[in-house]
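*Asks:* Sequences are here, hints too, so could you generate the full structure?
Protein chains: 2
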Amino acid sequence: MQSVRIALDAMGTDSHPQPELEAAARAFQQWQEPVLLVGPAAELRSRLAGLGLGSDQVRIIDAPEVLEMTDKPADSARGKPVSSMAVGLELVKSGEADAFVTSGNTGGAMANALFRLGRIRGVKRPGLTAIFPVQDGHAVVLDIGANTDCKPEYLLQFAILGSVYAETALGVPSPRVAILSNGEEAGKGNLLVKEASPMLQASGLNFIGNVEAKELYSAAADVVVTDGFVGNVFLKTSEAVASFLSNLIKQEITSSPISSLGGLLARPAFQRVNAVLDPAKYGAAPLLGVDGLVFIGHGRFGDEGVLSGIRAARQAVERDLMTRLRDAIQTRLAAEPHRDRT
Amino acid sequence: MQSVRIALDAMGTDSHPQPELEAAARAFQQWQEPVLLVGPAAELRSRLAGLGLGSDQVRIIDAPEVLEMTDKPADSARGKPVSSMAVGLELVKSGEADAFVTSGNTGGAMANALFRLGRIRGVKRPGLTAIFPVQDGHAVVLDIGANTDCKPEYLLQFAILGSVYAETALGVPSPRVAILSNGEEAGKGNLLVKEASPMLQASGLNFIGNVEAKELYSAAADVVVTDGFVGNVFLKTSEAVASFLSNLIKQEITSSPISSLGGLLARPAFQRVNAVLDPAKYGAAPLLGVDGLVFIGHGRFGDEGVLSGIRAARQAVERDLMTRLRDAIQTRLAAEPHRDRT
Chain A
1 MQSVRIALDA MGTDSHPQPE LEAAARAFQQ WQEPVLLVGP AAELRSRLAG LGLGSDQVRI
61 IDAPEVLEMT DKPADSARGK PVSSMAVGLE LVKSGEADAF VTSGNTGGAM ANALFRLGRI
121 RGVKRPGLTA IFPVQDGHAV VLDIGANTDC KPEYLLQFAI LGSVYAETAL GVPSPRVAIL
181 SNGEEAGKGN LLVKEASPML QASGLNFIGN VEAKELYSAA ADVVVTDGFV GNVFLKTSEA
241 VASFLSNLIK QEITSSPISS LGGLLARPAF QRVNAVLDPA KYGAAPLLGV DGLVFIGHGR
301 FGDEGVLSGI RAARQAVERD LMTRLRDAIQ TRLAAEPHRD RT
Chain B
1 MQSVRIALDA MGTDSHPQPE LEAAARAFQQ WQEPVLLVGP AAELRSRLAG LGLGSDQVRI
61 IDAPEVLEMT DKPADSARGK PVSSMAVGLE LVKSGEADAF VTSGNTGGAM ANALFRLGRI
121 RGVKRPGLTA IFPVQDGHAV VLDIGANTDC KPEYLLQFAI LGSVYAETAL GVPSPRVAIL
181 SNGEEAGKGN LLVKEASPML QASGLNFIGN VEAKELYSAA ADVVVTDGFV GNVFLKTSEA
241 VASFLSNLIK QEITSSPISS LGGLLARPAF QRVNAVLDPA KYGAAPLLGV DGLVFIGHGR
301 FGDEGVLSGI RAARQAVERD LMTRLRDAIQ TRLAAEPHRD RT
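Chains as they are written, first to last, in this note's numbering: chain A, 1 to 342; chain B, 1 to 342.
Treat the hints with caution; some may be incorrect.
No copy is singled out in the list; a pair is fine if it fits within one copy or between any two copies.
[Said to hold, decoys possible] DSSO-like mimics (lysine-lysine), calculated; alpha carbons at most 30 angstroms apart, straight line:
hint	residue 1	residue 2
1	K72	K194
2	K151	K188
3	K214	K151
4	K72	K93
5	K93	K151
6	K124	K72
Bear in mind the hints are in silico, worked out from the structure with no lab data behind them.
*Replies:* Spelled out as structure tokens, the structure:
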């Protein structure tokens with residue numbers, strides 16, 4: 001087995017760097033390979049020593065600056081050249097690392113990745129990707145926020161990239177690709193959906209047409225493409241309704257002693273429900289379309305979540321996701337020689 | 001008190017006409033005024049007799065055709081001139097009824113209403129409206145599906161119409177108006193949001209800027225405007241996540257005897273949660289912008305739901321919603337004399 005070198009942003013999670021340090025330690029236990037932990041070296045070194053770890057277990061790469069949630073994405077890329085985000089991505093660019101994992105500011109990660117790694121040749125817009133828990137499985141949804149206004153061609157590329165990811169990472173052969181729309185029927189949709197549909201139809205992908213949220217959650221598709229505005233509304237509505245409902249349930253259950261007892265007895269069931277919904281369990285999501293492997297976790301990640309990001313990144317390296325993504329885009333470009341190849 | 005004449009589509013709900021018949025009977029008990037029940041007269045008359053009701057309690061208006069869910073909206077308006085939908089709307093147009101309530105095909109209702117009643121003078125696009133249960137209250141959201149591609153001006157008009165509705169029907173003084181977006185911050189949004197924002201800012205409405213789904217569900221705004229594609233994705237994602245979660249909870253709770261017992265003890269709490277989410281409890285939603293009062297209920301409505309639609313329609317008549325809507329649009333037009341007044 002080739003060695004896999006994962007660069008890990010030590011300063012990504014809301015409670016950085018503790019979850020990252022613990023995840024780095026657990027990663028060494030699990031795979032016997034040191035993670036490249038990127039952040040303020042002195043601080044990280046002393047904390048690592050506190051955990052009884054040395055540079056054989058976790059390699060520290062110095063990056064004195066931290067990208068904050070308040071940093072504007074566009075400024076952060078150029079403005080903080082030695083942030084942990086920037087230094088981590090440079091490790092991928094130089095080939096010193098095979099992939100970069102961060103739980104930091106998503107917009108900043110996208111801006112930095114575009115600035116430092118660029119796009120895969122032929123990709124017009126990289127997509128922010130999320131892996132949603134759905135009935136007995138997962139769905140890959142993109143774009144969930146990087147590109148608020150999209151051209152039909154972008155949706156086609158999201159479909160190609162998402163398809164390769166579902167196949168490679170989730171092990172789904174010939175993934176079913178759909179467009180998120182306001183009705184399942186062909187002909188439903190806004191202008192973008194109507195223009196993108198025939199392109200997807202002709203793409204050679206396993207395109208199954210429109211889906212609504214209901215079908216998405218009942219696992220009718222493996223890959224769902226949408227523009228970043230709608231995808232973001234979908235993502236945030238999903239989170240908001242889950243949180244609204246679970247608060248409502250909590251409030252009602254604790255409103256009487258008998259139902260409180262009921263809630264207590266049913267607690268393991270609720271915990272399993274939470275586990276299904278917990279982003280830390282389904283891992284970090286890839287930035288698809290940038291020219292290097294970048295995985296973005298949730299700011300709320302603990303060490304378990306960060307470790308799941310490292311796992312997803314290692315798997316992508318081992319299965320050579322980058323080559324597959326590049327090949328899929330090149331194949332598409334070759335099939336359409338009249339299109340420009342920016 | 002003036003008399004209020006409500007035309008009720010007898011053939012709207014999925015299990016028509018039973019819920020409509022029962023709701024009509026309950027409406028008479030409650031308000032001592034007969035509903036105008038629109039549908040196949042012979043069938044309705046014999047069923048009414050079975051309920052021990054005569055024409056003093058429920059007036060029957062004959063409409064031999066039924067608008068099916070499979071009828072295409074555009075065809076249904078012209079194609080079925082004596083459907084219960086068409087006949088009911090004609091009663092409003094002729095002044096024989098003050099409002100029309102239907103739980104039928106939403107697209108068909110919109111198409112028929114536009115064809116038979118037309119738009120309020122100055123309104124460019126009527127909006128489908130939904131009343132969402134949110135933290136300790138309700139939010140008026142439009143458009144949720146009638147206009148997939150919108151101009152900024154439509155969003156401004158949705159805001160005016162929704163504002164009047166929130167004030168009149170929900171009793172909210174100076175309703176807080178927001179745009180659904182992919183971030184709260186000013187400057188976030190797709191092109192449509194960015195173009196509509198300054199128009200709303202200058203409108204004289206109580207415009208509070210962008211909201212995400214999270215703020216919408218925590219009652220940060222009373223009226224939320226969006227294009228019909230995004231609004232529809234928001235609506236259907238909300239429904240899909242609620243249903244996905246409650247199935248998941250049911251499945252996990254019944255997976256062990258102890259948590260099943262817990263679920264049993266907590267059942268009243270779950271029932272209260274369901275009551276909050278049940279569309280029948282928060283009633284039918286108005287078609288805002290057509291030139292007449294039309295309320296659309298859910299196909300799954302039982303008699304309680306249909307009755308809530310009748311109640312919402314009666315209230316709108318009593319509070320003279322139509323005049324307020326017309327005045328608000330006229331005031332807006334007068335403030336912008338350079339705009340065309342189609």
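*Asks:* Each of the hints needs a verdict: does it hold here or not?
*Replies:* Hint check:
1. K72 to K194: For K72 and K194, only the inter-copy Cα distance (18 angstroms) is at most 30 angstroms; the intra-copy one is 34 angstroms.
2. K151 to K188: Cα proximity of K151 and K188: in one copy and across copies (17 angstroms, 19 angstroms).
3. K214 to K151: Classified as both: same-chain Cα gap 25 angstroms, cross-chain 28 angstroms, threshold 30 angstroms.
4. K72 to K93: within (23 angstroms within a copy, 54 angstroms between copies)
5. K93 to K151: within (29 angstroms within a copy, 43 angstroms between copies)
6. K124 to K72: Classified as within: same-chain Cα gap 22 angstroms, cross-chain 38 angstroms, threshold 30 angstroms.
When each numbered hint is compared with the structure, no violation occurs for any of them.
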